[in-house]
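Asker: Residue numbers (my numbering), protein chains in the order written: chain A, -18 to 194; chain B, -18 to 194; chain C, -18 to 194; chain D, -18 to 194.
Since the hints were made in silico from the structure, they are not lab data.
Errors might be hidden in some of the hints.
Because identical chains cannot be distinguished in the list, a pair is counted as satisfied if it fits within a single copy or across any two copies.
Derived pair list, reagent style SDA-like, types lysine to any residue, alpha-carbon separation capped at 25 Å [claimed, not checked]:
1. K61 x S111
2. K61 x P158
3. K61 x P132
4. K61 x L72
5. K61 x V71
6. K61 x L42
7. K61 x L20
8. K61 x F139
Number of protein chains: 4
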Amino acid sequence: MSAYTRYTTTIARGASTERLVLFSDAVFAIAMTLLVIELRAPDASAGELAGALAGLIGPYLTFALSFAVIGFIWLSHHRKFRVIAHADPVLLRLNLLMLFFVASLPLPTAILGDHGDEVVAVVIYAATISVVGFTLSGIWLYAWHAGLIDPSVDIAVFRYVLLQSFPIPGIFLLSIPVALLWGAGAAELTWILAIPISWFITAAYRRFSDRTA
Amino acid sequence: MSAYTRYTTTIARGASTERLVLFSDAVFAIAMTLLVIELRAPDASAGELAGALAGLIGPYLTFALSFAVIGFIWLSHHRKFRVIAHADPVLLRLNLLMLFFVASLPLPTAILGDHGDEVVAVVIYAATISVVGFTLSGIWLYAWHAGLIDPSVDIAVFRYVLLQSFPIPGIFLLSIPVALLWGAGAAELTWILAIPISWFITAAYRRFSDRTA
Amino acid sequence: MSAYTRYTTTIARGASTERLVLFSDAVFAIAMTLLVIELRAPDASAGELAGALAGLIGPYLTFALSFAVIGFIWLSHHRKFRVIAHADPVLLRLNLLMLFFVASLPLPTAILGDHGDEVVAVVIYAATISVVGFTLSGIWLYAWHAGLIDPSVDIAVFRYVLLQSFPIPGIFLLSIPVALLWGAGAAELTWILAIPISWFITAAYRRFSDRTA
Amino acid sequence: MSAYTRYTTTIARGASTERLVLFSDAVFAIAMTLLVIELRAPDASAGELAGALAGLIGPYLTFALSFAVIGFIWLSHHRKFRVIAHADPVLLRLNLLMLFFVASLPLPTAILGDHGDEVVAVVIYAATISVVGFTLSGIWLYAWHAGLIDPSVDIAVFRYVLLQSFPIPGIFLLSIPVALLWGAGAAELTWILAIPISWFITAAYRRFSDRTA
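Using the sequences and the accompanying hints, generate a full structural model.
Answerer: Laid out in structure tokens, this is it:
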């Protein structure tokens, strides 16, 4: 056996996902908590504080939106990695790519918080969320094809989880042409619809799956 | 069995609380440490440093207060999750909601640090602490009714822990009308009373519980 | 048995130190990494960057000093908690107190970085390091008297570890009168002596302990 | 047995690497996520946002480069510590030294982001990356000579991993004379070559190792 073969069987062998999951959780937690840093306390003189705080409402709502979106992505990552039993070098790199976009979120959040009525701010924000979501779908797809998922998950369950991961990034992707055609406000309205639409699609698939079982 | 049923029994089944607890601890630790970021070193010229530092005393005390409050919430979370044996999707979401308010605390802390004598700063701060505390009570209440708590905890112990979680957020909630009626200073005085009052209520209940046992 | 007694035996019983250690490590790691945030890239125009960077040398050295000091405190915490087998409510609170001073270190570091030649900056910095170190000695002392340390540690080993924890905070404490009497530079010189003095005291005790064994 | 000997056999004995690895991961995760803090949302008035955002492209690319480099270092640390079975005091200190340079990376990243066309910014950045990489090589070398590596790793595998850790810091080191001779742009070009060159060297060694096996 060559040194390289022995290297691959000792050091680079299929690793447990434990350190990967802990590291990802740290990045999720830090990104979620750093979002608030962009909300600076206003420099108001006595008596003008209430007025100055009114200007923080937009940035605060954007902070809440980003926290909720990263929270949902974390829950989704959580669910998938409960059945992804092994990690290989490609999975580690795909996960780092997803974490890169998660870590970059404080920037689009701050831009949107200051410029919520401008199309370019809406497009950058929607594109980042969409890329995070689809990279997570890509991790799930790769893990299935590389045989890294626990055998208790069959192809129907795999497909159900894959389908479940599309609505949120899909709606953020669709909001980009909406922003370009009808403006920033219209795109932000579609985001609010993301959660009910996501529920509706999941429920429809569930009923379909029950009928065909 | 439909794909959805198999999904719920493999991926979305009652999860252990380990990853939830580690993730929460990361958010607690980051929020506590980020509080200091708002305390900027003063831009003083040589010889004027001591005077400029005097202006940091108020913000520093607010930092200490927020650190102590998050520390108490962490201890309380710690105690509850030692007996919450399982996590379900609702518990995960309630915990994320609590973490949202924990993560947002650096902002009310910075506002209070700069404007400790203004009613609006006191009200925003007290409301945030109060919401964090009551959301944690809500987590405990939900965990009991959803059967997620270890069977070694009976209803009397459950009630004792629930009661124990009320005084701190209760006093911060009560300080809001105090601030509106008698000003910022009066409200801040009630906060200092939170710890002795909390001890007194706990001790009273303990004596009552010993008598009825 | 009253509800309170059952509470103390189920929820508030002597806890393992695992979550305490992980939480402390998170605060150590965040405080160490946040130190760099105070080092802002200079706003220099083209060609003037090299000169502007020279102004960062003082703050950078202070960053390195604080990183080294927190690193040593972490190593010391690490060693102690390998034999502290249980945690009780007092230990949890003492540990939170120590973490409060660790978390506050970015502020004295930034003040010292900007005002390394002023006595007040040196005093605040030395006092903070000293308090962190002595609080850790206090944790060790409390853990011994509360019977929380693993029985493999006898009184001689306990005393050796206690003694080992004194030189670094002791030298920082002594540097406060040095700063007041002979100025900031003299105090900073004593800090550089902290590591060799700490080695010397430890070696002397080791020889003494070998002779009396 | 003296107290010192008993101390070394109870408290300072060869520790498991678990806490070391978790602590390192926290510093890696925080450093990677803090990089984005230096990217401030532009203060543009309505309609000028798109232009102002163009000025963020350089800093954003530097953020992506630093995230990728820390990500690769993390993967490399991950691989090495899967077979480093024990930690001794020297290893703990070497690891802290490496983490110091990792934690300091947001500063050179911010300087390079603002001054990507200046030689001094390129030199500081390349030197920091190079030092992080070579310190990690030093950790591996030390762990081998101190007998801390799992016996499943023989000398040929040890050498393969050592060699694998040289190309990236080597190329950043070589880019320093390149920057001094041919300017900032030429040095940045060599960085882009780091990944293909690293692949080529690894593949060449693999073929050589297969032939001699």
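Asker: Now tell me, hint by hint, if it's right for this structure.
Answerer: Here is what the structure says about each hint:
For the homomeric pair K61 and S111, the shortest alpha-carbon distance inside one copy (18 Å) is at most 25 Å, but the shortest distance between copies (34 Å) is not. In this assembly of identical chains, K61 and P158 lie within 25 Å of each other by CA distance neither inside one copy nor across copies; the values are 30 Å within and 46 Å between. For the identical chains of this complex, K61 and P132 are intra-copy neighbours only, at 13 Å inside a copy versus 29 Å across copies, given an alpha-carbon limit of 25 Å. For the homomeric pair K61 and L72, the shortest alpha-carbon distances inside one copy (13 Å) and between copies (18 Å) are both at most 25 Å.
For the homomeric pair K61 and V71, the shortest alpha-carbon distances inside one copy (16 Å) and between copies (18 Å) are both at most 25 Å. Proximity of K61 and L42 under a CA criterion of 25 Å is satisfied in neither setting, with 29 Å inside one chain copy and 30 Å between copies. In this assembly of identical chains, the alpha carbons of K61 and L20 never lie at most 25 Å apart, being 32 Å within a copy and 31 Å across copies at closest. In the homo-oligomer, the alpha carbons of K61 and F139 lie at most 25 Å apart inside one protomer (10 Å), although the nearest pairing across protomers, at 33 Å, exceeds that limit.
Comparing the model with each earlier hint shows violations of hints 2, 6, 7; every other hint is respected.
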